[in-house]
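*Asks:* Dock chain B against the given chain A, drawing on the hints supplied.
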Amino acid sequence: MSKIMFHGRECPHCRVMMPLVERLEKETGVMLEKHEVWHDEKNADMMRSYRSIIAPKCGGQLRVPTFLDTETNDLMCGEVEYEKLREWGTKK
Amino acid sequence: MKKYWRCFVCNDIHYGVKPPEVCPTCRAVNAFVEVSSAEAGQVSSPRKTLMDKEGFREAIDSFASRNEFQVNPDREKVDLLLEGIFENEKTCGLKYCPCRLRTKEFEEDLKIVCPCNFLIHETYKGKPEGECWCGLFIRRRS
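Going line by line, the protein sequences match chains A and B. Residue numbers 103 to 194, in the numbering used here, belong to the letters of the first sequence in order. Residue numbers -18 to 123, in the numbering used here, belong to the letters of the second sequence in order.
Since no wrong hints were added, every one of them can be taken at face value.
Pulled from the structure, derived: some chain B residues nowhere near chain A, Cβ distances all over 12 Å:
(1) Ile41
(2) Arg47
(3) Phe50
In silico DSS-like pairs for lysine-lysine, Cα to Cα no more than 27 Å straight-line:
(4) Lys144(A) to Lys71(B)
(5) Lys136(A) to Lys71(B)
(6) Lys108(B) to Lys159(A)
(7) Lys58(B) to Lys186(A)
These are computed hints drawn from the structure, not numbers from a lab. Every value quoted in this text rests on a predicted model; they were computed, and no experiment measured them. For glycine and all other residues, C-beta sits at the position ideal for the given N, C-alpha and C.
The following block holds chain A by itself, in its conformation from the complex:
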């Protein structure tokens, strides 16, 4: 699986995005690997391992939510409209 969502349990943006992700999965069949990074150190380290890819496109930091395609390095961070999420999710 190449499409990943990094999120945090107490992050309000992540809470907003989660139902949109579920809608994306339901409508398109595209499944995202979801990694909570505040309460799971393995997931946090995994996100840190992508720092050189994520940070330049996310204000120099490791912000959540981050949506990353590990095959193409195509990524977005923060709250986005459903259409934008869908565009990212269905891009080959």
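*Replies:* For chain B alone, coordinates are given in the frame of chain A:
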């Protein structure tokens, strides 16, 4: 490079490149002398103060009242953020932002201790409805 400074009158500790000309606590002039981090810690640590969520809420309200921004009026959102901030303090030692992950580089991670310097962030700077990344602070609505 930042250093520690101690007011020789009232023992205020200042951490910065230069000492304040006037001590903000006792108003003594040119009263700060450079000290070691160990001395700064010794002088300030016996008077540790605890701050719970309500105390932090009051502190950021007071901080915001002196600035162009305010604490988000969305109480539910703020409660969730404070939960994350205090969880981070408990597990990681400082009130790190619950919407940005620590890199594990101490100096870098100081940039995400709440309140961070969000005035320079693209989510706030130049935006009439700007807010910090997590949404705890928003530009004051007129």
